[in-house]
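Trainee: In the order they appear, the protein sequences are chains A and B.
Mapped onto my numbering, the consecutive letters of the first sequence carry residue numbers 1 to 115.
Mapped onto my numbering, the consecutive letters of the second sequence carry residue numbers 1001 to 1113.
Since the hints were made in silico from the structure, they are not lab data.
Hints may contain errors.
[Unchecked claim] With the C-beta cut set under 8 Å, the calculated list includes, among others, these residues of chain A facing chain B:
id, residue
1, GLY42
2, LEU45
3, TYR48
4, GLY58
5, VAL60
6, TYR64
7, PHE90
8, GLU103
9, PRO108
10, GLY109
Cβ atoms here follow ideal geometry from the backbone N, Cα and C, with glycine treated the same way.
Listed below, chain by chain, are the residues.
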Amino acid sequence: NAGVTQTPKFQVLKTGQSMTLQCAQDMNHEYMSWYRQDPGMGLRLIHYSVGAGITDQGEVPNGYNVSRSTTEDFPLRLLSAAPSQTSVYFCASSRPRTGVGTEQFFGPGTRLTVL
Amino acid sequence: GDSVTQMEGPVTLSEEAFLTINCTYTATGYPSLFWYVQYPGEGLQLLLKATKADDKGSNKGFEATYRKETTSFHLEKGSVQVSDSAVYFCALFFGGGADGLTFGKGTHLIIQP
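All chains, full assembly: derive it from the sequences and hints.
Mentor: Below, the structure is given as structure tokens:
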């Protein structure tokens, strides 16, 4: 199993550009989520999905869109990038979708810089 | 809302020293508690977890006990190694809901030989 994979590893954008961060998992996990990691802030939840066709907002959803058309994939879209979105982005997945003590598996991250 | 507070870093220790990283939480109810570790340039990995009061999680020589009375989940290791240098995150999770983990800000641990 590859686990949770993310592409690209690094990306530089100009303000106003759009892009999609890719996330895929091959563990048949129902639950997937996106976090951003900023210095001194820990990780904060952006969006999550409890299954194909179902998504919801986390703590910091503004400026980001998600969709979940398959169990495996959970892309994160930036429609108009802003410097405040400069961060490291992590995708995570787990199964079952909820459960006491459920371990979440994290991808290696995407480092995004918006100029 | 729910929150996790952990000691600020960086924490610098010599090899073979005793380690404690403090973690306390605020939550309505009884969450599961986790310690995740992030090595340089990598994603987060689960280090250990505890799902109810007085549970002790342990892994790779690290331990943490779920203390409901003090709402704490302090991470300890008796003898640290240079390879333990990493960022450590304390986190909580309510299994009955759909929201993700609530993380502390992370503690950067540096072990000197």
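Trainee: If you test the structure against every hint from before, which numbers come out violated?
Mentor: 5, 6
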